[in-house]
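First residue of the sequence shown: 1, per the numbering used here; consecutive thereafter.
A portion of the hints provided could be inaccurate.
SDA-like, lysine to any residue: derived pairs with alpha carbons at most 25 Å apart [what the hints assert, rightly or not]:
#, residue 1, residue 2
1, Lys77, Leu39
2, Lys77, Tyr50
3, Lys171, Tyr114
4, Lys177, Ile167
5, Lys179, Arg151
6, Lys15, Lys172
7, Lys175, Leu39
8, Lys174, Asn152
Quick list of the computed label-pair ranges, beta carbon to beta carbon [to be verified]:
#, residue 1, residue 2, range
9, Glu170, Phe60, 15 to 25 Å
10, Lys178, Asp78, 23 to 33 Å
11, Glu147, Lys77, 42 to 52 Å
12, Tyr55, Glu170, 38 to 48 Å
13, Leu39, Asp78, 13 to 23 Å
14, Gln133, Asp78, 40 to 50 Å
15, Ile126, Lys177, 44 to 54 Å
16, Ala144, Lys180, 50 to 60 Å
17, Glu147, Glu66, 17 to 27 Å
18, His135, Lys43, 21 to 31 Å
Calculated from the structure, these hints are not laboratory results. Beta carbons are placed, not taken as given, at the ideal position from N, Cα and C, and that holds for glycine.
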Amino acid sequence: MSNPAMKLPGFHERKVLYCLRGPSGSGKTTYARTIIDYLGRGKIFSTDDYFYDEYGEYHFDPYNLEHAHQWNLGRVKDALSEGVSPILVDNTNLQFWEMRPYCFEAAMVGYRCYFLEPPTEWKFKINQLFRKQQHGLTKPRLIAQLERYERNPTVQKVIGPVLWEKIQREKKKKKKKKKKK
1 MSNPAMKLPG
11 FHERKVLYCL
21 RGPSGSGKTT
31 YARTIIDYLG
41 RGKIFSTDDY
51 FYDEYGEYHF
61 DPYNLEHAHQ
71 WNLGRVKDAL
81 SEGVSPILVD
91 NTNLQFWEMR
101 PYCFEAAMVG
111 YRCYFLEPPT
121 EWKFKINQLF
131 RKQQHGLTKP
141 RLIAQLERYE
151 RNPTVQKVIG
161 PVLWEKIQRE
171 KKKKKKKKKK
181 K
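Produce the complete structure using the sequences and hints provided.
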């Protein structure tokens, strides 16, 4: 890929959060690194980071997965408050609800949220995913990931109608405050 950034939605915007999504082994992490390297700015946040020890060894523990997701969300919130952009959330994000907290927090502080899939030809091909993934997942687990994969996300679908309305109300309040000044 010669210029990954030129294909990115929101490439020229100041405050952007990208949710990378796809099954394990689809190339999300490589794609995220390529984007950051090309842009020379931004930061990648992955829940997987929680499971690496001080020697760089990966030790997944499903009993700590919820805590790991909360830990990652906390790091993203810190980056949002610091104005880091772009922020790349490098998780499987198979279903819309998995991206909801990231997109909601981003929207509340004026960031635009976009959804990216790695531009790999194997991202939905089970045999290639099985060979490329590094988490020791079985083929049935990868098939389950593919079956849960929700397509065509939009911010409104991901956040849901109740939170979407809350964000719209907050935006209106901010506009009114700016007009009063």
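Hints versus structure:
{"no.": "1", "hint": "Lys77 <-> Leu39", "in the structure": "21 Å, holds"}
{"no.": "2", "hint": "Lys77 <-> Tyr50", "in the structure": "16 Å, holds"}
{"no.": "3", "hint": "Lys171 <-> Tyr114", "in the structure": "19 Å, holds"}
{"no.": "4", "hint": "Lys177 <-> Ile167", "in the structure": "15 Å, holds"}
{"no.": "5", "hint": "Lys179 <-> Arg151", "in the structure": "39 Å, violated"}
{"no.": "6", "hint": "Lys15 <-> Lys172", "in the structure": "19 Å, holds"}
{"no.": "7", "hint": "Lys175 <-> Leu39", "in the structure": "31 Å, violated"}
{"no.": "8", "hint": "Lys174 <-> Asn152", "in the structure": "30 Å, violated"}
{"no.": "9", "hint": "Glu170 <-> Phe60: 15 to 25 Å", "in the structure": "37 Å, violated"}
{"no.": "10", "hint": "Lys178 <-> Asp78: 23 to 33 Å", "in the structure": "26 Å, holds"}
{"no.": "11", "hint": "Glu147 <-> Lys77: 42 to 52 Å", "in the structure": "31 Å, violated"}
{"no.": "12", "hint": "Tyr55 <-> Glu170: 38 to 48 Å", "in the structure": "44 Å, holds"}
{"no.": "13", "hint": "Leu39 <-> Asp78: 13 to 23 Å", "in the structure": "20 Å, holds"}
{"no.": "14", "hint": "Gln133 <-> Asp78: 40 to 50 Å", "in the structure": "29 Å, violated"}
{"no.": "15", "hint": "Ile126 <-> Lys177: 44 to 54 Å", "in the structure": "52 Å, holds"}
{"no.": "16", "hint": "Ala144 <-> Lys180: 50 to 60 Å", "in the structure": "52 Å, holds"}
{"no.": "17", "hint": "Glu147 <-> Glu66: 17 to 27 Å", "in the structure": "22 Å, holds"}
{"no.": "18", "hint": "His135 <-> Lys43: 21 to 31 Å", "in the structure": "22 Å, holds"}
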